[in-house]
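Trainee: When you get a sec, could you build the whole thing from the sequences and use the hints?
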Amino acid sequence: MELKTLTFIVVGATFALYIGIAIWSRAKSTGDFYVAGKGIHPVANGMATAADWMSAASFISMAGLIAFLGYGGSVFLMGWTGGYVLLAMLLAPYLRKFGKFTVPEFVGDRYYSQTARIVAVICLIVASVTYVIGQMRGIGVAFSRFMEVDFATGLFTGMGIVFIYAVLGGMKGITYTQIAQYCVLITAYTIPAIFISLNLTGNPIPQLALGSTMGDDTFLLDKLDLIVTDLGFREYSTASNGNMLNMFLYTFSLMIGTAGLPHVIIRFFTVPKVKDARYSAGWALVFIAILYTTAPAVGAMARLNLINTIQTGPVGSPEGNIQISDVPDWMTRWSTTGLLSWEDKNGDGRIQYYDEKGLGDKAAEYGWAGNEMTKVDRDIMVLANPEIANLPNWVIALVAAGGIAAALSTAAGLLLAIASAISHDLLKGVFRPDIDEKTELLASRIAMAFAIGVAAYFGLNPPGFAAQVVALAFGLAASSIFPVLMMGIFDKRANSTGAIAGMLSGLGVTLLYIFWFKGWFFIPGTNMAPNNADNWLLGISPEAFGAIGAMVNFGVAYVVSHATTPPPEHIQHLVEDIRVPRGAGTATDH
Amino acid sequence: MTAPQDSHRAEYWKRNLKLVATLLTIWFVVSYLFGIILVTPLNAISLGGYKLGFWFAQQGSMYVFVVLIFVYAAKMNSLDKEFDVHED
Chain A
291 MELKTLTFIV
301 VGATFALYIG
311 IAIWSRAKST
321 GDFYVAGKGI
331 HPVANGMATA
341 ADWMSAASFI
351 SMAGLIAFLG
361 YGGSVFLMGW
371 TGGYVLLAML
381 LAPYLRKFGK
391 FTVPEFVGDR
401 YYSQTARIVA
411 VICLIVASVT
421 YVIGQMRGIG
431 VAFSRFMEVD
441 FATGLFTGMG
451 IVFIYAVLGG
461 MKGITYTQIA
471 QYCVLITAYT
481 IPAIFISLNL
491 TGNPIPQLAL
501 GSTMGDDTFL
511 LDKLDLIVTD
521 LGFREYSTAS
531 NGNMLNMFLY
541 TFSLMIGTAG
551 LPHVIIRFFT
561 VPKVKDARYS
571 AGWALVFIAI
581 LYTTAPAVGA
591 MARLNLINTI
601 QTGPVGSPEG
611 NIQISDVPDW
621 MTRWSTTGLL
631 SWEDKNGDGR
641 IQYYDEKGLG
651 DKAAEYGWAG
661 NEMTKVDRDI
671 MVLANPEIAN
681 LPNWVIALVA
691 AGGIAAALST
701 AAGLLLAIAS
711 AISHDLLKGV
721 FRPDIDEKTE
731 LLASRIAMAF
741 AIGVAAYFGL
751 NPPGFAAQVV
761 ALAFGLAASS
771 IFPVLMMGIF
781 DKRANSTGAI
791 AGMLSGLGVT
801 LLYIFWFKGW
811 FFIPGTNMAP
821 NNADNWLLGI
831 SPEAFGAIGA
841 MVNFGVAYVV
851 SHATTPPPEH
861 IQHLVEDIRV
871 PRGAGTATDH
Chain B
60 MTAPQDSHRA
70 EYWKRNLKLV
80 ATLLTIWFVV
90 SYLFGIILVT
100 PLNAISLGGY
110 KLGFWFAQQG
120 SMYVFVVLIF
130 VYAAKMNSLD
140 KEFDVHED
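In the order they appear, the protein sequences are chains A and B.
Taking our numbering, the leading residue of the first sequence gets 291, the next gets one more, and so forth.
Taking our numbering, the leading residue of the second sequence gets 60, the next gets one more, and so forth.
The hints are simulated quantities; they were obtained by calculation from the structure and are not laboratory data.
Small disclaimer: the values here were computed from a predicted structure and weren't measured.
Wrong hints could be hidden among the right ones.
[Stated by the list, open to error] Among chain B residues calculated to face chain A with C-beta under 8 angstroms, some are:
no.: 1; residue: Y71
no.: 2; residue: K73
no.: 3; residue: G94
no.: 4; residue: I95
no.: 5; residue: I96
no.: 6; residue: N102
no.: 7; residue: L106
no.: 8; residue: Q118
no.: 9; residue: S120
no.: 10; residue: M121
no.: 11; residue: F124
no.: 12; residue: L127
no.: 13; residue: N136
no.: 14; residue: H145
no.: 15; residue: E146
[Unchecked claim] Lysine-lysine pairs mimicking BS3-like chemistry, simulated, CA-CA at most 25 angstroms apart:
no.: 16; chain 1: A; residue 1: K782; chain 2: A; residue 2: K390
no.: 17; chain 1: B; residue 1: K73; chain 2: B; residue 2: K134
no.: 18; chain 1: A; residue 1: K665; chain 2: A; residue 2: K652
no.: 19; chain 1: B; residue 1: K73; chain 2: A; residue 2: K782
no.: 20; chain 1: B; residue 1: K73; chain 2: B; residue 2: K140
no.: 21; chain 1: A; residue 1: K565; chain 2: B; residue 2: K73
no.: 22; chain 1: A; residue 1: K665; chain 2: A; residue 2: K635
no.: 23; chain 1: B; residue 1: K140; chain 2: B; residue 2: K77
no.: 24; chain 1: B; residue 1: K77; chain 2: B; residue 2: K134
no.: 25; chain 1: A; residue 1: K565; chain 2: A; residue 2: K782
no.: 26; chain 1: A; residue 1: K565; chain 2: B; residue 2: K134
no.: 27; chain 1: A; residue 1: K565; chain 2: B; residue 2: K140
no.: 28; chain 1: A; residue 1: K782; chain 2: B; residue 2: K77
no.: 29; chain 1: A; residue 1: K665; chain 2: A; residue 2: K294
no.: 30; chain 1: B; residue 1: K73; chain 2: A; residue 2: K647
no.: 31; chain 1: A; residue 1: K652; chain 2: A; residue 2: K635
no.: 32; chain 1: A; residue 1: K665; chain 2: A; residue 2: K647
no.: 33; chain 1: A; residue 1: K390; chain 2: A; residue 2: K565
Built from N, CA and C at the ideal position, the CB exists for glycine as well.
Mentor: Below, the structure is given as structure tokens:
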């Protein structure tokens with residue numbers, strides 16, 4: 291069967307499944323809409339959290355970035371898994387014990403202040419909207435590829451589907467559909483990885499294949515190091531992502547961002563007991579780690595296969611490169627999306643792909659007139675990977691379905707977090723406490739529509755690849771939400787003035803740094819300095835700056851809290867109380 | 060259900076913090092220390108086809124993270140029982 295038809299069938303079938311589940315379990319009351327009646331088993335909750343968590347950034351974008359960054363891509367791997375350790379040990383059990391619907395509710399109650407609650411809502415919206423922008427980029431890539439249209443058309447189609455999807459079901463629909471989505475996306479991710487691992491090394495387990503030998507007894511990673519350096523690229527297994535400080539802070543920012551992201555935290559309100567909240571984080575990480583430990587293999591093998599496709603013979607020999615008339619179908623297909631392009635600069639009818647700076651004068655000796663792969667979008671690598679490796683059409687179709695599942699599930703989860711922040715925390719909690727459930731639900735849907743519109747606008751002009759935009763969102767969550775949550779539990783002395791000052795200063799410096807290099811509100815051309823390592827403070831990239839923002843937040847909150855009046859007696863008792871599990875409200879209380 | 064004494068709760072909290080500190084030290088060592096700070100010297104050692112530092116950064120640290128959370132959950136749940144602060 292033709293690939294396009296097959297892709298439509300597979301994507302359509304998985305869609306029917308999700309929407310079917312969403313309709314079947316359509317949210318009835320607002321309580322259900324937000325936290326699914328708080329009665330979900332830790333393993334199921336872990337799986338749903340994993341689907342919620344693993345977005346277009348993890349599924350579509352991350353392995354592609356690793357493919358081109360090599361060792362430097364480790365920041366995503368460690369950062370996006372290590373945060374669960376912090377979440378499990380520092381936040382999840384206590385927030386579950388506290389037993390409220392949303393993060394701003396916790397902040398508002400713990401810091402006995404409506405202002406603190408409003409500031410938390412603002413932080414949450416800034417981080418979540420940035421996150422959705424990253425998803426939109428991934429959604430655009432996936433839809434443009436499987437519909438074989440240009441990127442913008444793909445983006446708008448995807449956007450419409452996300453909206454219908456998120457409005458149809460609340461969290462309850464989402465929890466069960468997300469379990470289905472996890473199953474689809476993990477199958478779609480691992481099957482091609484297994485095929486490719488077998489092809490290249492004979493070992494079917496990607497985690498082991500990456501450390502195995504290829505047909506000719508050389509280790510895969512050694513071989514990859516050799517062929518990339520021959521073409522002037524940096525050595526795969528040692529290429530660093532900026533300096534060591536940048537790697538460190540980048541990882542740290544992603545970790546504490548994970549622990550501060552509202553749509554992940556809200557998941558831990560849905561388990562029956564405090565005990566379950568602890569295990570739930572563990573299960574979530576198990577399901578996430580299956581994909582995350584496979585990703586480095588996917589990245590390395592995609593890079594190897596990509597180079598082998600273009601560099602068919604010895605580097606520098608006239609016949610060593612693929613003829614343009616012979617380019618494989620996948621290259622032609624991806625070129626219609628505008629995300630892959632090439633140009634015959636030296637007019638030899640062949641394509642040369644190399645690093646101009648790294649190769650230097652050698653290029654001229656070879657008769658090469660510049661890198662001819664003029665665009666290789668990092669975000670296409672995972673989706674193109676099975677095509678590059680010549681896998682059967684059904685595998686390619688499955689990967690498209692998985693990519694869409696990943697992007698959809700996270701976009702829906704985030705939209706829900708944004709919607710509940712606006713309708714529940716701002717409208718009902720602060721401005722109009724008297725509105726009924728129906729109005730609240732309507733307000734949340736209008737908020738969703740608005741958020742999708744904003745995200746789509748930026749999806750067209752993204753400030754980076756999907757995973758990088760998502761990394762910015764994590765930096766914003768890290769710098770604003772995580773510190774006040776942690777201090778709220780671990781420092782009884784932390785008061786409202788400190789928390790508000792901390793959140794505002796943390797978010798403020800991080801946003802300023804990001805906008806300085808990425809443009810004000812990400813509008814292209816409005817940046818104050820070129821976005822490169824020479825201009826960055828101590829070599830810290832905007833994606834890594836959230837860690838600094840968090841330290842500022844902690845510092846300010848601590849100093850201000852201790853210089854002003856301590857929180858009232860009943861708040862100190864509240865903190866005492868959330869530290870022990872006994873007496874946690876039952877899951878169905880709300 | 061009687062409310063636990065203040066000193067009893069303080070002791071429970073202290074034990075909790077000690078456990079978390081130990082586990083987070085391991086968390087730091089496998090990721091930041093082995094995966095980033097000491098990556099170059101560790102890369103001199105190989106683990107199959109992996110350089111060891113690279114392996115910690117792209118594989119090993121994640122396996123350890125999973126184990127850490129389950130150890131934490133199991134230890135905390137038994138600590139809750141020991142101090143009689145568990146749910147039902």
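Trainee: Look at each hint and say if it fits the structure.
Mentor: Hints, verified against the model:
{"no.": "1", "hint": "Y71", "verdict": "7 angstroms, holds"}
{"no.": "2", "hint": "K73", "verdict": "11 angstroms, violated"}
{"no.": "3", "hint": "G94", "verdict": "6 angstroms, holds"}
{"no.": "4", "hint": "I95", "verdict": "5 angstroms, holds"}
{"no.": "5", "hint": "I96", "verdict": "7 angstroms, holds"}
{"no.": "6", "hint": "N102", "verdict": "7 angstroms, holds"}
{"no.": "7", "hint": "L106", "verdict": "7 angstroms, holds"}
{"no.": "8", "hint": "Q118", "verdict": "6 angstroms, holds"}
{"no.": "9", "hint": "S120", "verdict": "5 angstroms, holds"}
{"no.": "10", "hint": "M121", "verdict": "5 angstroms, holds"}
{"no.": "11", "hint": "F124", "verdict": "5 angstroms, holds"}
{"no.": "12", "hint": "L127", "verdict": "5 angstroms, holds"}
{"no.": "13", "hint": "N136", "verdict": "5 angstroms, holds"}
{"no.": "14", "hint": "H145", "verdict": "6 angstroms, holds"}
{"no.": "15", "hint": "E146", "verdict": "5 angstroms, holds"}
{"no.": "16", "hint": "K782/A with K390/A", "verdict": "19 angstroms, holds"}
{"no.": "17", "hint": "K73/B with K134/B", "verdict": "14 angstroms, holds"}
{"no.": "18", "hint": "K665/A with K652/A", "verdict": "22 angstroms, holds"}
{"no.": "19", "hint": "K73/B with K782/A", "verdict": "14 angstroms, holds"}
{"no.": "20", "hint": "K73/B with K140/B", "verdict": "15 angstroms, holds"}
{"no.": "21", "hint": "K565/A with K73/B", "verdict": "19 angstroms, holds"}
{"no.": "22", "hint": "K665/A with K635/A", "verdict": "14 angstroms, holds"}
{"no.": "23", "hint": "K140/B with K77/B", "verdict": "17 angstroms, holds"}
{"no.": "24", "hint": "K77/B with K134/B", "verdict": "12 angstroms, holds"}
{"no.": "25", "hint": "K565/A with K782/A", "verdict": "23 angstroms, holds"}
{"no.": "26", "hint": "K565/A with K134/B", "verdict": "11 angstroms, holds"}
{"no.": "27", "hint": "K565/A with K140/B", "verdict": "11 angstroms, holds"}
{"no.": "28", "hint": "K782/A with K77/B", "verdict": "18 angstroms, holds"}
{"no.": "29", "hint": "K665/A with K294/A", "verdict": "23 angstroms, holds"}
{"no.": "30", "hint": "K73/B with K647/A", "verdict": "56 angstroms, violated"}
{"no.": "31", "hint": "K652/A with K635/A", "verdict": "16 angstroms, holds"}
{"no.": "32", "hint": "K665/A with K647/A", "verdict": "17 angstroms, holds"}
{"no.": "33", "hint": "K390/A with K565/A", "verdict": "17 angstroms, holds"}
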